[in-house]
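Going down the list, the sequences are from chains A and B. Positions 1 to 575 (my numbering) are the ones given, in order, by the first sequence. Positions 1 to 575 (my numbering) are the ones given, in order, by the second sequence.
Any given hint could be a false lead.
What the hints assert, rightly or not - Below, a list of computed lysine-lysine pairs in the DSSO-like style, where the Cα atoms sit at most 27 Å apart:
#  : chain 1 : residue 1 : chain 2 : residue 2
1  : A       : K279      : B       : K258
2  : B       : K53       : A       : K134
3  : B       : K258      : A       : K53
4  : A       : K214      : B       : K65
5  : B       : K134      : A       : K53
6  : B       : K53       : A       : K258
7  : A       : K450      : B       : K65
8  : A       : K258      : A       : K200
9  : B       : K185      : A       : K450
10 : B       : K53       : A       : K263
11 : A       : K450      : B       : K215
12 : B       : K506      : A       : K506
13 : A       : K185      : B       : K214
14 : A       : K134      : B       : K450
15 : B       : K134      : A       : K450
16 : A       : K53       : B       : K53
17 : B       : K450      : A       : K214
18 : A       : K338      : B       : K506
What the hints assert, rightly or not - Partial selection, computed: residues in chain A whose CB lies under 10 Å from chain B:
#  : residue
19 : S46
20 : N54
21 : E490
22 : Y498
What the hints contain is simulated information worked out from the structure, not anything from laboratory work. Glycine residues also receive a C-beta, built at the ideal position from the N, C-alpha and C atoms.
There are 2 protein chains.
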Amino acid sequence: MDNPSLFDPSDSEVPQTTKKKAKKAAAEAAPAASKGKGASGARDISVAEFFEKNRHMLGFDSPSKAILMAVKEAVDNSLDACEEASILPTIRVELEQIGDSFFKVCIEDNGPGIPDTQIGKIFGKLLYGSKFHKLSQSRGQQGIGISAAGMYGKLTTGKPVRVISKTRRGRPVEAILSIDSLRNKPEIHSSQEIEWPERKHGTRVEIEMEATYKKGVRSVDMYLKQTAIANPHLTLILVDPSGEEFVYDRNTKEKPAKTIDIKPHPHGVEMGRLITMLKETSCRSISGFLQEEFCRVGPTLAKRIIKEAGNGLTEKSYPTRTAREQAGHLHRAINSTKISSPPTDCIAPIGDDLLLKGLKKELTADFYVTASRPAAVYRGNPFQIEVGIAYGKPGGVGLELTDTGRIQKKTKAEKAVEDLVANADEPARILRFANRVPLLYQQSGCAITKSITQTNWRTYGLNQPRGSLPVAPMAIMVHIASVWVPFTSESKEAIASYDEIITEVKRCLQDAGRKLGIYIRKGKRLKREFDKREYIEKYIPHIGIALQEILDLDDTERDDTVETLEDVLHRSRKF
Amino acid sequence: MDNPSLFDPSDSEVPQTTKKKAKKAAAEAAPAASKGKGASGARDISVAEFFEKNRHMLGFDSPSKAILMAVKEAVDNSLDACEEASILPTIRVELEQIGDSFFKVCIEDNGPGIPDTQIGKIFGKLLYGSKFHKLSQSRGQQGIGISAAGMYGKLTTGKPVRVISKTRRGRPVEAILSIDSLRNKPEIHSSQEIEWPERKHGTRVEIEMEATYKKGVRSVDMYLKQTAIANPHLTLILVDPSGEEFVYDRNTKEKPAKTIDIKPHPHGVEMGRLITMLKETSCRSISGFLQEEFCRVGPTLAKRIIKEAGNGLTEKSYPTRTAREQAGHLHRAINSTKISSPPTDCIAPIGDDLLLKGLKKELTADFYVTASRPAAVYRGNPFQIEVGIAYGKPGGVGLELTDTGRIQKKTKAEKAVEDLVANADEPARILRFANRVPLLYQQSGCAITKSITQTNWRTYGLNQPRGSLPVAPMAIMVHIASVWVPFTSESKEAIASYDEIITEVKRCLQDAGRKLGIYIRKGKRLKREFDKREYIEKYIPHIGIALQEILDLDDTERDDTVETLEDVLHRSRKF
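Using the sequences provided together with the hints, build the complete structure.
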């Protein structure tokens with residue numbers, strides 16, 4: 001630990017007042033415990049308490065996963081902040097071993113910084129954030145992640161989180177804080193202005209935790225590598241525990257398209273939600289309400305919906321006076337009316353070009369293909385699917401056609417061994433992304449995996465055991481971009497199996513699969529041709545010698561003849 | 001709908017006050033929204049709001065799953081309540097179709113009832129309950145389930161929940177309520193005494209919701225069937241939407257063993273938790289603290305731990321004055337000291353006998369085997385694994401040995417087709433249970449499934465593709481009983497992959513597998529023998545005729561000889 005004094009110097013003797021306060025809070029949190037008769041001891045459960053006990057739901061179930069989760073949550077936040085502030089992100093991740101199974105995880109960005117009044121809540125309170133109540137694409141959405149990392153750190157080491165942040169206009173602030181899990185509130189140990197000359201603006205967070213650092217498919221390294229693929233505008237620096245520095249340079253200076261918050265689409269709104277919205281709107285007419293609170297509804301459409309609803313509803317009806325019966329009719333009318341799809345400027349896909357660039361840069365393969373779908377909707381939330389496939393290991397059996405029409409074995413320089421493309425006798429590797437964030441765990445429970453196994457890869461010339469992944473030297477990348485990604489748990493590791501999502505992923509895989517099929521069939525033809533030609537070529541020199549004897553040629557004439565023969569042979573091949 | 005007036009009659013016109021209140025609450029919930037500068041619009045997220053948007057985390061992602069989840073949460077609560085009050089449970093589940101895709105789900109039990117002051121919070125507030133803060137085995141533990149079902153009902157129909165409850169001493173009370181998701185508080189529409197002559201005590205809950213009712217592997221029917229297997233003391237009545245009544249009678253009048261709340265085991269306590277406990281204890285010495293707040297620590301052990309910790313700590317040190325440095329030493333000392341395993345009377349496994357009875361009653365197979373393990377610990381929480389296997393479909397190729405030593409095909413009467421035992425060419429069916437609750441979804445993401453695929457079933461004579469489930473006409477049942485089951489999400493569908501749990505499940509599967517292996521090998525020998533004998537038997541009548549001719553026997557003598565020959569042949573077979 002390079003700076004032990006940073007950590008909670010006041011904690012060496014817990015003052016009595018703290019104890020009393022904690023006791024009081026506990027009593028407040030449990031008003032029923034003392035009174036409740038029958039339902040013995042029923043009482044409130046604080047969110048932080050809940051997740052402290054269920055920390056595996058947040059992804060903190062093992063030391064090797066914990067380090068990844070902490071890095072992931074911090075990097076996600078940095079990327080979101082940079083995008084919102086239109087900054088080309090540069091993020092530095094430092095992993096420092098400070099004990100047998102303890103690490104200090106530091107993430108520093110060049111983002112816009114956080115005002116000091118917000119630091120406590122952002123890092124020391126679960127379910128607090130700016131992204132939950134918006135409908136626009138962002139990595140974070142729950143307001144849990146980074147506070148959870150701090151909570152895990154405190155749970156395993158007893159030590160608070162250190163945050164340094166500087167906004168463009170403000171002075172750098174250093175805060176030492178932790179989460180009070182009994183009350184789900186930040187506990188600020190100290191907060192003061194400091195010098196931070198290295199940065200004009202940005203945030204640095206340091207968390208000490210019990211952790212294990214490993215390489216491999218589900219490591220921090222792999223997460224960062226995949227993050228680089230999905231975020232070609234990002235420069236990432238990793239300093240690993242041995243002190244070695246790895247740099248992933250940005251591929252493009254083009255920032256992702258700015259996304260726009262949207263209003264809910266009428267078709268995705270449940271009955272109960274509609275009633276709540278009617279209660280809470282400030283609009284003074286149903287017509288205004290429909291146009292104001294939803295996307296894609298104009299005066300004409302509003303009129304048509306209200307007419308369809310009937311039941312005493314007119315355009316001028318007062319929204320908050322709508323009876324439940326009437327709301328039911330309105331709900332049915334909305335769902336039976338054709339309304340155009342939600343706007344898609346709330347979503348920023350990676351884009352075919354950049355996806356291809358990213359794949360080529362980070363994955364070595366023989367063949368690359370990408371595909372993307374137009375935006376679709378589940379439960380009123382727009383989403384969009386992109387697929388990229390990298391096929392064939394270099395140094396494998398890959399064959400290619402030269403400019404002169406020859407077939408030859410590929411001779412690309414082999415890069416360092418890549419884990420990302422599978423071997424020929426293994427199931428294809430899957431790279432899953434949600435809003436540009438790689439998902440490394442819970443692969444089998446994810447809608448993306450289900451979509452891949454449900455796709456018939458045999459059509460495209462691949463092996464596929466029934467109900468399994470295709471077996472091929474291949475990596476399949478799937479990206480879902482959405483204003484609200486339905487993760488199966490708070491750890492954001494897998495996507496829930498909504499039918500609409502599975503359908504779209506499958507369609508997109510089929511688009512990419514068809515292109516891959518053409519390549520594979522061509523490859524198989526090439527292979528057959530190659531084998532035949534190889535036999536012939538083996539005998540050409542002998543033919544040359546025979547011709548030399550018959551026609552009495554000199555050696556140069558003979559070699560010329562052989563060369564011409566080979567050339568004719570190759571060019572005569574038809575595809 | 002048989003009684004529309006039950007539902008929120010006051011709601012037909014939303015009074016203005018409600019609106020203003022809601023607005024005010026929204027403003028209170030978002031204090032930062034108006035002030036926050038840089039972190040634009042960051043604000044608190046209510047737990048109920050969070051789960052309303054993420055309702056798939058609670059299992060409410062599709063109409064067919066929703067009906068199952070609602071039944072499950074209500075039945076779980078009923079069972080827990082009956083067990084706590086030492087009542088033999090009788091639970092009645094009624095599913096009534098009230099519209100195209102709408103159902104009324106009613107669950108009624110003979111439990112102890114709920115005091116009227118508690119009804120609101122139990123059914124109308126997430127994260128409220130009596131089981132979270134205890135370490136003892138129960139089905140519910142989160143304080144989320146039944147309120148979530150009500151929330152989903154309100155979200156899809158706009159209608160509140162109806163609860164009737166009667167305690168032994170109180171009068172029956174009917175409450176109409178829903179959850180105010182913006183504030184995570186119950187909104188009681190009405191609460192009054194009513195007549196309920198049918199019951200001396202019990203609770204009935206009625207929820208209307210958008211739902212689909214289907215039969216099949218993941219249906220309400222299957223959930224109830226499996227619940228009956230794991231809860232042999234339960235009588236369950238299902239009235240399905242067609243009005244048909246199915247009854248699962250109890251198998252035994254023996255109630256599950258009463259479980260006892262335990263204190264945390266010292267070895268499972270994280271550093272941060274230890275610090276919090278030190279702060280909050282009312283003990284006035286470290287020695288007392290260790291003995292009072294943990295299980296399995298007596299004066300001698302406490303002394304040894306404190307001595308090992310050193311660093312200025314004595315038995316009389318004041319717990320709340322412990323420095324973090326000292327707490328660290330104490331934590332290390334605890335973990336390096338040998339402490340006996342936690343007591344297991346906090347766990348009530350089903351037991352081999354009842355498990356076997358349950359399997360035999362609900363699953364038709366040729367062979368049954370069970371196995372169980374002693375209690376083990378993960379993160380300080382005791383847990384225990386039980387396994388049951390039902391092998392071989394009746395009417396399949398099963399062979400058996402008769403009392404006279406003959407081999408014959410089994411001739412059991414075939415019951416109605418059972419979905420629970422797989423066909424011979426299909427992967428084995430898995431029945432997963434946690435604290436006697438069947439888990440029907442997310443099989444692939446569950447630690448139990450992982451343990452089964454990681455077990456080498458080929459050793460026991462079964463087919464098993466690499467990394468897959470064994471392929472056999474077989475159902476594998478695994479039950480984990482624990483004071484705290486680590487579910488992967490709030491929907492409680494799969495168990496998190498803690499190493500300790502996977503190890504124990506695998507060991508228990510191996511125990512059962514060995515016994516199964518003996519049966520399978522015997523079966524294979526029987527099959528070979530049977531084939532040989534069949535050839536011989538085919539020729540015995542011909543031998544009889546030949547003997548008759550040679551020895552000039554009459555028909556009776558010939559038949560006697562043939563019978564004797566067959567008998568000798570069968571008895572001579574050796575195992």
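Evaluated hints:
| no. | hint | result |
| --- | --- | --- |
| 1 | K279(A) / K258(B) | violated (48 Å) |
| 2 | K53(B) / K134(A) | holds (12 Å) |
| 3 | K258(B) / K53(A) | holds (24 Å) |
| 4 | K214(A) / K65(B) | violated (39 Å) |
| 5 | K134(B) / K53(A) | holds (12 Å) |
| 6 | K53(B) / K258(A) | holds (24 Å) |
| 7 | K450(A) / K65(B) | holds (18 Å) |
| 8 | K258(A) / K200(A) | holds (23 Å) |
| 9 | K185(B) / K450(A) | violated (38 Å) |
| 10 | K53(B) / K263(A) | holds (15 Å) |
| 11 | K450(A) / K215(B) | holds (22 Å) |
| 12 | K506(B) / K506(A) | violated (35 Å) |
| 13 | K185(A) / K214(B) | violated (44 Å) |
| 14 | K134(A) / K450(B) | violated (38 Å) |
| 15 | K134(B) / K450(A) | violated (38 Å) |
| 16 | K53(A) / K53(B) | holds (23 Å) |
| 17 | K450(B) / K214(A) | holds (22 Å) |
| 18 | K338(A) / K506(B) | violated (54 Å) |
| 19 | S46 | holds (8 Å) |
| 20 | N54 | holds (7 Å) |
| 21 | E490 | holds (7 Å) |
| 22 | Y498 | holds (7 Å) |
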